[in-house]
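Participant: Use these hints to put chains B, C, D and E with the ligands onto chain A, whose structure you have.
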Amino acid sequence: MTAGARGPSFRYFRAPSALPGFGLAFGYTLVYLALIVLIPMAGLALKAASLGIAGIIDIITEARTLAALRTSFGVSLAAAGFASLFGLAIAWVLTRYHFPGRRLIDAMVDLPFALPTAVAGIALGAIYAPNGWVGAQLAPFGIKVAFTPLGIFVALVFVSLPFAVRTVQPLIEEIDRELEEASATLGAGRLQTVWRVMLPPLVPAVLTGLALGFARAVGEYGSVIFIAGNLPYVSEIAPLLIVIKLEEFDYAGATAIALIMLVIAFSTLLVINLIQAWARRRFGHV
Amino acid sequence: MASVSLNTGRLAGPRAVSRRATTEALLARWLLIAITLCFLALFLLLPLLAVFSQAFAAGLETYWAALREPDALAAVRLTLLVAAIAVPLNLVFGIAASWAITKFEFRGKSFLITLIDLPFSVSPVVAGLIYVLLFGAQGYIGPFLKSQGLQIVFALPGIVLATVFVTFPFVARELIPLMQQQGTSDEEAALTLGASGFTAFRTVTLPNIRWALLYGVLLCNARAMGEFGAVSVVSGRIRGMTNTMPLQVEILYNEYNIVAAFAVASLLALLALLTLAGKSILEWRYGDSLDA
Amino acid sequence: ETVLLNVSYDPTRELYREINAAFVADYEKRTGEKLTVRASHGGSGSQARTVIDGLDADVVTLALAADIDAIVNRTDLIPKDWQKRLANNSSPYTSTIVFLVRKGNPKGIKDWDDLIKPGVQVITPNPKTSGGARWNYLAAWGYELGRTKSEEKAKDFVAALFKNVPVLDTGARGSTITFAQRELGDVLLAWENEAFLASAEFGADKFDIIVPSISILAEPPVTLVDGNVAKKGTRKQAEAYLNFLYTPQAQAIIAKHKYRPSKPEFARKEDLAVLPEIKLFTIDDVFGGWTKVQKEHFDNGGIFDQIVKVKR
Amino acid sequence: MVTASTPSLNAARPPAGIRIVGVAKDFGGDAALRGVDLDIAPGELVALLGPSGSGKTTLLRIIAGLEDASAGQVFFGADDATRLSVQERRVGFVFQHYALFRHMSVFDNVAYGLKVRPRAQRPSKAEIRERVLSLIDLVQLGGLERRYPSQLSGGQRQRVALARALAVEPRVLLLDEPFGALDAKVRKDLRRWLREIHDRTGHTTVFVTHDQDEAMELADRVAILNKGRLEQVGTADEVYEAPASAFVMSFVGDTVNLPVVVRGGRIFFGDAPLEADVADAPDGPAALYLRPSNLALTRCDEGGALGGTVVAVRRTANGRRAEVLTDVGAATVEVELPSGKTLAAGERVGLHILKARLFPTG
Amino acid sequence: MVTASTPSLNAARPPAGIRIVGVAKDFGGDAALRGVDLDIAPGELVALLGPSGSGKTTLLRIIAGLEDASAGQVFFGADDATRLSVQERRVGFVFQHYALFRHMSVFDNVAYGLKVRPRAQRPSKAEIRERVLSLIDLVQLGGLERRYPSQLSGGQRQRVALARALAVEPRVLLLDEPFGALDAKVRKDLRRWLREIHDRTGHTTVFVTHDQDEAMELADRVAILNKGRLEQVGTADEVYEAPASAFVMSFVGDTVNLPVVVRGGRIFFGDAPLEADVADAPDGPAALYLRPSNLALTRCDEGGALGGTVVAVRRTANGRRAEVLTDVGAATVEVELPSGKTLAAGERVGLHILKARLFPTG
Ligand SMILES: Nc1ncnc2c1ncn2[C@@H]1O[C@H](COP(=O)(O)OP(=O)(O)OP(=O)(O)O)[C@@H](O)[C@H]1O
Ligand SMILES: Nc1ncnc2c1ncn2[C@@H]1O[C@H](COP(=O)(O)OP(=O)(O)OP(=O)(O)O)[C@@H](O)[C@H]1O
Ligand SMILES: [Mg+2]
Ligand SMILES: [Mg+2]
Ligand SMILES: O=S(=O)([O-])[O-]
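Chains as they are written, first to last, in my numbering: chain A, 1 to 286; chain B, 287 to 578; chain C, 579 to 890; chain D, 891 to 1252; chain E, 1253 to 1614.
Keep in mind that the hints were calculated from the coordinates and are not lab data.
Misleading hints may appear alongside valid ones.
Quick list of in silico lysine-lysine cross-link-like pairs, DSBU-like style, CA-CA up to 30 Å [what the hints assert, rightly or not]: (1) D/LYS1117 with D/LYS1078; (2) C/LYS612 with C/LYS814; (3) C/LYS658 with C/LYS814; (4) C/LYS784 with A/LYS144; (5) D/LYS1231 with E/LYS1440; (6) D/LYS1231 with E/LYS1593; (7) C/LYS688 with A/LYS144; (8) E/LYS1440 with D/LYS1117; (9) C/LYS727 with C/LYS870; (10) C/LYS741 with A/LYS144; (11) A/LYS144 with C/LYS695; (12) E/LYS1593 with D/LYS1075; (13) E/LYS1607 with D/LYS1078; (14) B/LYS432 with C/LYS612; (15) C/LYS727 with C/LYS857; (16) C/LYS658 with C/LYS809; (17) E/LYS1607 with D/LYS1075; (18) E/LYS1593 with D/LYS1078; (19) A/LYS144 with C/LYS681; (20) E/LYS1607 with D/LYS1231; (21) C/LYS814 with B/LYS432; (22) C/LYS841 with C/LYS870; (23) E/LYS1440 with D/LYS1245; (24) C/LYS814 with C/LYS834; (25) E/LYS1479 with E/LYS1607; (26) A/LYS144 with C/LYS685; (27) E/LYS1479 with D/LYS1078; (28) E/LYS1440 with D/LYS1078; (29) B/LYS432 with C/LYS809; (30) C/LYS731 with C/LYS685; (31) B/LYS432 with C/LYS810; (32) E/LYS1479 with D/LYS1075; (33) C/LYS658 with B/LYS432; (34) E/LYS1593 with D/LYS1245; (35) D/LYS1075 with E/LYS1440.
Below, a sample of chain E positions facing chain B; criterion: calculated Cβ distance under 7 Å [to be verified]: (36) ALA1316; (37) VAL1338; (38) VAL1343; (39) PHE1345; (40) ALA1351.
Note that the structure is predicted; figures quoted are calculated from it, not measured.
We treat Cβ as the ideally placed atom computed from N, Cα and C, and that holds for glycine.
Bound-form chain A, shown alone (with noise of 0.2 Å):
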């Protein structure tokens, strides 16, 4: 870049730099930005608008709508709150222990990121259902998972468990191993240790990994409808609402449930960040 193109006038939007090529990345990544992204959720903010606010209020407040909201929301904040605790455990068991295929189980906790999810959503609902290798042992004790909400939840803690685990688990490794030896020598025992020294500055990560895992969840569609039994105030999720009200061609309800899905994701996203400031005030790290 030319010194002129560092003149002051672009110094209150950005710091002038030697490196060149600020401009072309930019100016790409705003163009595709608003080409993939934001033109398109304009028009959805746009048909959303249409409705007024009256008119969405009523859709999102219509019994079956908030039964699948209620469905979803529910259901996905339990997934993710089951697999950050589990994640929690697999993710300190991955990085403080040492035992073979340690490794093979480490790469396959990525597995939901990596597998398609309609293959994962027939995979869970084949063994799953009543007939199925896991649904089977279940069935004696009335236990039913696939097409019950049950499942639904089987389903999203499959897709939200990577979150929750490569979330904390940099911070595992990263506790300083002289904390626990300073606690130790401090006189705590090791279970006063462990929670009292080194679990809690692992609840940021522990609260960001549930907030992607739920932001996931909520959003996830593919593996949910192979298990879900999609059965209206029971097991109907919010995703599956807004496909059924495009297939009964009711845009303006798609729209609106896909807008209150979008507040959400952002907020979500809203909260993801505030927690991270927060740790970074607190712990100077996230």
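Facilitator: Positioned in the frame of chain A, the structure of chains B, C, D and E with the ligands alone reads:
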């Protein structure tokens, strides 16, 4: 596993006593490992096994036949084509975005990062919907484009767009933390040595990020080939034309062709496994240059 | 090369695969022109939606007239009088709704009123998105209405029936899978052809087909999408395709796939023989046509919505 | 300065001495420690000094019980500490990088050791509060008790770490390069302050450093480790004036080192006999060590002086030094210049050895 | 040492001087640089010395063109460098953390600047090879050219960085705390070695450091920055002996600082008049700065001496210092002890000021 005897009482000797300072009791460790293994087996391993066992349930012959079916082949071809378009697009975008974000200071940077992250948390179904709203025959610009003979939704462009949307942040996400950590001094060094901006990028920046880039591309590709929700909304499900592999899985499944469904699924699962293997190899060999 | 796109509904996958092949061969023989016919399948409602949103269908072959009406109402692709353009209300075949139960009929299901018994699990797709499900719904309604002559009772009856539904798939095929493969539920309300197909696919030793005392005459209509063929210049071929459906060759194929051909004389005797005798009522007789039914029962806030709302 | 009297801060019981007997440690490669014996008197402050990798940290961790010795024993007073777990040893350990709990305020960090005690031994809340606050006062952080570690400077963090270690009334206090991560200026301040605290509380203290200044200034005695072996233990003066080995001599303070040969009690550098004042030495090759300040500059032709040429004169922070290339042996020797004396490169000078030590080599 | 003659390493043309005129820099907060003027002669080695945050790096980056000045100009010889891009300035820049290209071998790192030249100016492969190898020899890394940066020690990496910067025949050489990340021992070695290289290649060199020893030892002249302002530029002796400000005095070398009052040309510390030897000073409060070596110990009752009590005697690496609490003013003063002299805490002494400087305060 560390070999620590359980009787770590005072008489057990010094070795056993002090190890406790930084690790849990043996029993607790075993318990945790067992829980982990069970959990992962139940949620990750079993589905994977299910895919392959069902795919081969009727023997190898049937398996191959299912994959040689013209519709299946068409789906494979379409999926590869979509990934071949979407991944490079997002690759270029990822590099440009992370260059702008990590090498320069400007206002609204964190807002921009949030926007880039947004597609991660948007439901794939919504991702499909927004393109239908925009490009559908009832949409904002669909009728105009259609009058120009341009078919977006229910055709390749729509499928590509939806795929690009859901895989949008993958490469950028992988690069930004790494490049942030690497700072600008390497590029500055190159400049002081007389390299032009582009030369510096080509000879210094790119090699510095190559493994993270590859990793980002692997994940982006896996997701691009596996996307279901968004694509199903914009696909139109035309046999042999607009069905990607995941959609083909659903279709076969719906035609009672369970073996064929799982056969195609097994291809996707294989792709996932290859992706993970590639990632593990990268991490193992180039761990430090992947560090975020 | 000319490509025709037939947008159809779920259970016709196997049917149109064979018909398409036959038509392409026939058309080439007659005109020397090579054609490709592509098919798209899904829940009937959702298929109509994709056409409305711009899917370039040359012909639509859907589960019920209301779905084609939806296209008519929301676009100008198809003229209003489409149903008059072809014989038999544009339905080259008809079908009906029967019950598929598990082998030996352990719950002893004989007729519609067995479906509302406590403890009986009924599998049907969602009437909002599936054409088949709407026929299911209307058949049940018509049965009770015919028995009691009371709209109220009919509504309660259908509500009770849906209370016994544990899973609502979006298409007929999804429900069949749920019932047959995932072994959920005691009885599947299915297209007649779908019931036969399930038996064939999963083994006749697994299911019994139960024919209720009365059912509905389902008339899946077909039509040309004039707007699209005009643009693509495929009118000639698309019309030929639809007309082919009424030919002896196609009618035979239709019967083979357990649909009821509009011209049974062209079907093979043994194919017709397996189709049971069944008393059928029509939608026009009992409900006064699709337009009315759609508005009263299935539109937003309609009776179906009220029924499932009450369910909770 | 803290003015309030803080009686409760002194070790509740009299401080214990530490006895280290034949401690060795082997990590699999080279031995990290080889038969270290060290007696530390109750209330004494000993600095462990040595180059990187000499085993200082290892020895400290063995004392604390964070590491097991491969051989040997550690006694706290009369107790065999080797049989005690870390928790039971009650050591106050201060880490180089503070190891503060980042999610706890200063107050909670300091209180931690008291709060995790079994209920029976735990002081009441009010007692804890009082004790913690007086400790925070002791380390001169009064008023900062609600801050978090990330809101403190490095020096302040290290003081919190010390207060935390002191809170549990440790029997011995162990510090592993506590000021290693700090600026030179802050280090200097903290060093004096630590000595004051020590004098006030009277803990038996072991202090690891690789900074000789720090060790000399702070400690009652300095223990010098080299490659896992204890080379010398003594006061700063003893170590400086009477180093037990060539390593100690060159590690503590600046030295000039000349390769010489002893023949019949006389010392030869090259061919030139040196009139260095050293104790009787066995014949054979040896290294003559001396301090830059133990060299006097004379006129070049003066008898007995080592002739040389000034190569450069450099400023140091507190004076100037000349680099002289000797005529014989071609060794480069640093000489402290008396203030005011000027010398230019190229000038010829004579060197006179005032004091030196001889260590046999070969 | 390298013996091969390396004529091609000397700057192809005579080295350019650097002239900095009124350079200021403003990052939005406090000004990082305020009107800095500095003339650097061709071939000179100037050290930029100053505390953290004083603007050293900023000034260096402005010279290199990596940062734009908010005001002022930089000249390389007669050329206005402000109008040149980074590439056109041809500076050799050495970064604190090396900034070596990790994916290139030592050879490729050093060759980089030659390889990226436009084809017309690019030397032939053989020439590049020869030049790079002789540079690698120059920095004493002969034989390591196929290693990767990760296989080198910190000191070796920094030497590669220097060779890389030299390879492009820079007009000026800029080093930003090049040894900041290294051990004290390695720093010391590299420092001399750098001076040798500089003397051999004759580049105009600017060297940033916050280590006074390094600056004093290495540089022809030292430029002292404080809060973005240039406080003094001069040789090491000038800066040490005749500091231009209180800041320079206390930043360079150890100082003792007494708050005094000047009345009628005489200096009072508390009530006591001091017979310090300072130039004429205006009346009013002032700070008297002196070096520990500028204090002489006398008998306590000697006339004119400042009475005090020894608080502590500490070893330093190369001698001993006494801390003395003065009777009047209760200031703590450090005094260098002549070698051999012993003093105990509690002893009474007199202090005699040999030399001091006065800076008005208030
Ligand atoms: N956990 C360990 N595993 C293997 N070797 C170790 C371990 N800890 C220390 N060592 C080795 O033991 C030797 C002594 O290390 P130690 O940390 O005690 O040195 P130190 O004197 O503290 O050095 P520094 O000044 O660098 O901290 C070194 O050679 C080191 O490599
Ligand atoms: N890119 C920047 N943006 C904002 N402020 C900056 C930037 N770079 C430097 N500063 C500020 O300018 C002042 C001078 O910084 P500079 O890095 O030049 O100091 P320095 O003398 O090199 O310090 P150090 O010894 O710590 O490297 C500091 O107050 C610093 O915070
Ligand atoms: Mg150490
Ligand atoms: Mg700097
Ligand atoms: O295909 S259906 O419309 O009948 O579901």
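Participant: C/LYS727 and C/LYS857: Cα distance at most 30 Å?
Facilitator: 18 Å, holds
Participant: Is E/LYS1593 within 30 Å of D/LYS1245, Cα to Cα?
Facilitator: 16 Å, holds
Participant: With the threshold set at 30 Å, check whether the alpha-carbon distance from C/LYS841 to C/LYS870 stays at or below it.
Facilitator: Answer holds: C/LYS841 to C/LYS870 is near 29 Å, not above 30 Å.
Participant: Is the straight-line distance between the alpha-carbon of E/LYS1440 and that of D/LYS1245 30 Å or less?
Facilitator: OK: E/LYS1440 and D/LYS1245 at ~25 Å, within 30 Å.
Participant: Would the hint linking E/LYS1479 and D/LYS1075 be met if the CA-CA limit is 30 Å?
Facilitator: Distance ~18 Å between E/LYS1479 and D/LYS1075 Cα, so the pair holds.
Participant: For C/LYS731 and C/LYS685, compute the direct alpha-carbon distance and say whether it is at most 30 Å.
Facilitator: Measuring from Cα to Cα gives roughly 24 Å; hence the hint holds.
Participant: Would you check the hint for D/LYS1231 and E/LYS1593, treating anything up to 30 Å between C-alpha atoms as holding?
Facilitator: 22 Å, holds
Participant: Using 7 Å as the Cβ threshold, decide whether E/ALA1351 counts as touching chain B.
Facilitator: 4 Å, holds
Participant: Going by Cβ atoms only, is E/PHE1345 closer than 7 Å to chain B?
Facilitator: 4 Å, holds
Participant: Hey, does the E/VAL1343 contact hint survive, CB to chain B under 7 Å?
Facilitator: 6 Å, holds
Participant: Mind checking the alpha carbons of A/LYS144 and C/LYS685 for me, to see if they're no more than 30 Å apart?
Facilitator: 21 Å, holds
Participant: Has the given pair, C/LYS658 with C/LYS814, been kept, meaning a C-alpha gap of at most 30 Å?
Facilitator: It holds: about 20 Å lies between the C-alpha atoms, which stays within 30 Å.
Checked against the numbered hints above, the structure violates none of them.
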